[in-house]
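Engineer: Can you build the whole structure from these sequences, using the hints too?
Protein chains: 4
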Amino acid sequence: MIRAERKEREFNARRAEILEKAEKIFAAKSFHDVKMAEIANASGFSIGSLYQFFTGKEDLYTTMVSEKLDFIFSEIRKSTETAKGLIDMLETLIDAHLQFVENNSDFLLLFIKGEKVTLSESMTELHQRLTDSYQKHITFIENLLKGGMETGLLRNLPLRDMAESLFYLIRMASVRWMLMPTKESPRSKKGFILDIFLNGVKNHDK
Amino acid sequence: MIRAERKEREFNARRAEILEKAEKIFAAKSFHDVKMAEIANASGFSIGSLYQFFTGKEDLYTTMVSEKLDFIFSEIRKSTETAKGLIDMLETLIDAHLQFVENNSDFLLLFIKGEKVTLSESMTELHQRLTDSYQKHITFIENLLKGGMETGLLRNLPLRDMAESLFYLIRMASVRWMLMPTKESPRSKKGFILDIFLNGVKNHDK
Amino acid sequence: MIRAERKEREFNARRAEILEKAEKIFAAKSFHDVKMAEIANASGFSIGSLYQFFTGKEDLYTTMVSEKLDFIFSEIRKSTETAKGLIDMLETLIDAHLQFVENNSDFLLLFIKGEKVTLSESMTELHQRLTDSYQKHITFIENLLKGGMETGLLRNLPLRDMAESLFYLIRMASVRWMLMPTKESPRSKKGFILDIFLNGVKNHDK
Amino acid sequence: MIRAERKEREFNARRAEILEKAEKIFAAKSFHDVKMAEIANASGFSIGSLYQFFTGKEDLYTTMVSEKLDFIFSEIRKSTETAKGLIDMLETLIDAHLQFVENNSDFLLLFIKGEKVTLSESMTELHQRLTDSYQKHITFIENLLKGGMETGLLRNLPLRDMAESLFYLIRMASVRWMLMPTKESPRSKKGFILDIFLNGVKNHDK
DNA sequence: AATGAATGAGTATTCATTCAT
DNA sequence: TATGAATGAATACTCATTCAT
Numbered sequence: 001m002i003r004a005e006r007k008e009r010e011f012n013a014r015r016a017e018i019l020e021k022a023e024k025i026f027a028a029k030s031f032h033d034v035k036m037a038e039i040a041n042a043s044g045f046s047i048g049s050l051y052q053f054f055t056g057k058e059d060l061y062t063t064m065v066s067e068k069l070d071f072i073f074s075e076i077r078k079s080t081e082t083a084k085g086l087i088d089m090l091e092t093l094i095d096a097h098l099q100f101v102e103n104n105s106d107f108l109l110l111f112i113k114g115e116k117v118t119l120s121e122s123m124t125e126l127h128q129r130l131t132d133s134y135q136k137h138i139t140f141i142e143n144l145l146k147g148g149m150e151t152g153l154l155r156n157l158p159l160r161d162m163a164e165s166l167f168y169l170i171r172m173a174s175v176r177w178m179l180m181p182t183k184e185s186p187r188s189k190k191g192f193i194l195d196i197f198l199n200g201v202k203n204h205d206k
Numbered sequence: 001m002i003r004a005e006r007k008e009r010e011f012n013a014r015r016a017e018i019l020e021k022a023e024k025i026f027a028a029k030s031f032h033d034v035k036m037a038e039i040a041n042a043s044g045f046s047i048g049s050l051y052q053f054f055t056g057k058e059d060l061y062t063t064m065v066s067e068k069l070d071f072i073f074s075e076i077r078k079s080t081e082t083a084k085g086l087i088d089m090l091e092t093l094i095d096a097h098l099q100f101v102e103n104n105s106d107f108l109l110l111f112i113k114g115e116k117v118t119l120s121e122s123m124t125e126l127h128q129r130l131t132d133s134y135q136k137h138i139t140f141i142e143n144l145l146k147g148g149m150e151t152g153l154l155r156n157l158p159l160r161d162m163a164e165s166l167f168y169l170i171r172m173a174s175v176r177w178m179l180m181p182t183k184e185s186p187r188s189k190k191g192f193i194l195d196i197f198l199n200g201v202k203n204h205d206k
Numbered sequence: 001m002i003r004a005e006r007k008e009r010e011f012n013a014r015r016a017e018i019l020e021k022a023e024k025i026f027a028a029k030s031f032h033d034v035k036m037a038e039i040a041n042a043s044g045f046s047i048g049s050l051y052q053f054f055t056g057k058e059d060l061y062t063t064m065v066s067e068k069l070d071f072i073f074s075e076i077r078k079s080t081e082t083a084k085g086l087i088d089m090l091e092t093l094i095d096a097h098l099q100f101v102e103n104n105s106d107f108l109l110l111f112i113k114g115e116k117v118t119l120s121e122s123m124t125e126l127h128q129r130l131t132d133s134y135q136k137h138i139t140f141i142e143n144l145l146k147g148g149m150e151t152g153l154l155r156n157l158p159l160r161d162m163a164e165s166l167f168y169l170i171r172m173a174s175v176r177w178m179l180m181p182t183k184e185s186p187r188s189k190k191g192f193i194l195d196i197f198l199n200g201v202k203n204h205d206k
Numbered sequence: 001m002i003r004a005e006r007k008e009r010e011f012n013a014r015r016a017e018i019l020e021k022a023e024k025i026f027a028a029k030s031f032h033d034v035k036m037a038e039i040a041n042a043s044g045f046s047i048g049s050l051y052q053f054f055t056g057k058e059d060l061y062t063t064m065v066s067e068k069l070d071f072i073f074s075e076i077r078k079s080t081e082t083a084k085g086l087i088d089m090l091e092t093l094i095d096a097h098l099q100f101v102e103n104n105s106d107f108l109l110l111f112i113k114g115e116k117v118t119l120s121e122s123m124t125e126l127h128q129r130l131t132d133s134y135q136k137h138i139t140f141i142e143n144l145l146k147g148g149m150e151t152g153l154l155r156n157l158p159l160r161d162m163a164e165s166l167f168y169l170i171r172m173a174s175v176r177w178m179l180m181p182t183k184e185s186p187r188s189k190k191g192f193i194l195d196i197f198l199n200g201v202k203n204h205d206k
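Protein chains in written order, with my numbering: chain X, 1 to 206; chain A, 1 to 206; chain L, 1 to 206; chain V, 1 to 206.
These are computed hints drawn from the structure, not numbers from a lab. Hints may be right or wrong, so weigh each one.
Put simply, identical chains are the same to the list, so a pair is met inside one copy or across any two.
In silico DSSO-like links for lysine-lysine, alpha-carbon gap of 30 Å or less [to be verified]:
id, residue 1, residue 2
1, Lys57, Lys24
2, Lys78, Lys35
3, Lys84, Lys136
4, Lys183, Lys146
5, Lys136, Lys68
6, Lys24, Lys136
7, Lys183, Lys136
8, Lys146, Lys7
9, Lys7, Lys29
10, Lys57, Lys29
Structural biologist: Set out below in structure tokens:
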């Protein structure tokens, strides 16, 4: 039935709107300093309506965090689709990642500055969801690197260690920029990261 | 006056005792789930007495966190004193770091799992203290690497980037082990880290 | 117009259906634990429709309680219609009352266990309606007893005191059974009640 | 230690003071209409202090109700101590009961008018405590009557039935007076109750 | 007539901190 | 100095009722 479809679309649109406003608010204060009334007000809904979309404040928070992180990771991965060749792909991956950092530093600071709370039971679930997002991303990088290993470009090192090493080198640049933002974009570190990583893992004998 | 000295010694001993018990408690629960009464009880002091040593709960928490982290970093640095040569020093540094991770995972999980809170005003101060600890450590690593650069062993790359890269590679192994502890010590990753880092930064032309 | 009649019949049938389901629900939980949505669901109506039959939750509750109590009292009285003679009538009255207790204990426990609430304004109205039901019933018993007094069988005692005494002796057996239900029917107390009441009020000189 | 004793005395005095004020307040409104802040205010304590004496609102309410009822029943029983002979004792018992009704009608209306709430879990406990108080009282009456049965004054009827019959006859007069207070004291019904009860249960053959 | 999504007022309870003893 | 009883501010969530469709 078309009417049910429209309802669902509207429901999702409203839900997204709340999530969007909530992101801004949670980015600015700690969990405990954010009031439900504030989110309700900012998103143009009544307090009661918030509870039609989320089971409570913790659910609203954890949903926002995990969906947003999922989105960012998946966009980063999507960016590599047009690249040709391993090195080009890695370069694109690093660049896209740093660009998202630059554009979403308010949100990502939630993770860096520890502006999270232990959300009793929800925390376990959130932690699991974040870990899943991360693992999915690491696996994607592993698959990129696997190609390079097969062609002999890369040394025969543990895939996961390599993939996480790249991720943490990107993280280094991300965190530095987020904590000490400079006029220069974090993307300027792309070259260094690619250089040190490739030299670190490539086959120098060839 | 000798009496004043003894008093100060006793004061410091009691303060340290509180901090030690607090560490265990904060490691097990979130900041908001820890009650002052619990810390008072565990450390054998009255609630009121806690306020003779710390100005409040946040002060107690931030003091504990920053002093402990300071201690760990400084112990790691101290471990390199007996090593000879850059590579030996780096190897020792990595090994000592991973060993501290292995022995203090409860405490360090406070940082990894985001089980921190935004402590309104204190947060700024804590964040500053943690950043200072970190910078001091990074500077120490920079100085190690500077030697290698001067001898031509290492390429002419930005010192800070190199130092932080090493730190983040160690962090990669630390976090992985803390979130998914295995029987195998995190120290088993020492070789990989040293390998990829040195290959990444060394002068291959020589 | 016949159509208006049918409409009214249907209206009353629906209303009765809601009342019937509500009785079961209110019998199982306290007023505040019963949700309008639950009643709507159980009776197959939408929430909004409930408000076509009752002005609100309190009205629904008070209507249910008073109509049901009215019905029970009137059925008890009706049962005496076929009895001949005072003693037979009293015996029938007691028996019918205890039988209704046995068959409606869930509902009647609302009164006994105090599982009622003070319904702000409605309470006054409900209380009045319940009192009216009770007074009507007591008056009926008074009229039975008046006959016995006129024939000299009963002593010349205040009618109301006598009537209420009988009612409270029945209540004693009712409450005991409802709070501590036994396999034995509460009707087994009929003999005792009749005995003690008649001995209490009859004319022993005759 | 004398200091501990004084502390306990003071604790109990404060607790009693809260209970006393709470009784007046709960007598005037329904459970849900009474605010903790109101009780705190009326008793001269801070809100937080209330929670040092009681675990919560329900505990405060149930404690007040059950302790007060216990007190009233035990005072009624105590009044019979000076009476000589069964009939004198029963007369004293009835009189004392009705006098307490007259003096505590606000409190006792809590039971009559159903101004109670279903206090989730606490309700079960409260109900049990009230039942225990009641049973204790009925047992006391049974023991009085047992003497009369042994001397042959009373007929050989079930003790519990007799005892509860007397209690419900007193209740009849109590409820009537509480719902329709007259200038005349409920104690004026003492004669009628004693008359009808004794005639009902005594041995007329003797 | 029927629906059910949206509303928003209202309150018990916790716990860091204080300060009289 | 040490104690721990007293304080009181601060907020998520529920659900009866309404009214646009």
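Engineer: None of the hints should be skipped; say for each whether it holds.
Structural biologist: Going through the hints against the structure:
1. With identical chains, the CA atoms of Lys57 and Lys24 are at most 30 Å apart both within one copy (15 Å) and between copies (28 Å).
2. Taking the shortest Cα distances, Lys78 and Lys35 never come within 30 Å of each other, neither inside one copy (35 Å) nor across copies (46 Å).
3. Taking the shortest alpha-carbon separations for Lys84 and Lys136, only the intra-copy value of 22 Å comes in at or below 30 Å, while the best inter-copy value is 42 Å.
4. Taking the shortest alpha-carbon separations for Lys183 and Lys146, only the inter-copy value of 27 Å comes in at or below 30 Å, while the best intra-copy value is 36 Å.
5. In this assembly of identical chains, Lys136 and Lys68 lie within 30 Å of each other by CA distance solely inside one copy; the values are 15 Å within and 34 Å between copies.
6. Taking identical chains as interchangeable, the C-alpha atoms of Lys24 and Lys136 lie at most 30 Å apart only when both belong to the same chain, with a minimum of 26 Å there against 33 Å between chains.
7. Proximity of Lys183 and Lys136 under a CA criterion of 30 Å is satisfied inter-copy only: 24 Å between copies versus 32 Å inside one chain copy.
8. Taking the shortest Cα distances, Lys146 and Lys7 never come within 30 Å of each other, neither inside one copy (45 Å) nor across copies (64 Å).
9. Proximity of Lys7 and Lys29 under a CA criterion of 30 Å is satisfied in neither setting, with 33 Å inside one chain copy and 35 Å between copies.
10. Proximity of Lys57 to Lys29 under the C-alpha cut-off of 30 Å is found in both arrangements, the shortest distances being 14 Å within a copy and 19 Å between copies.
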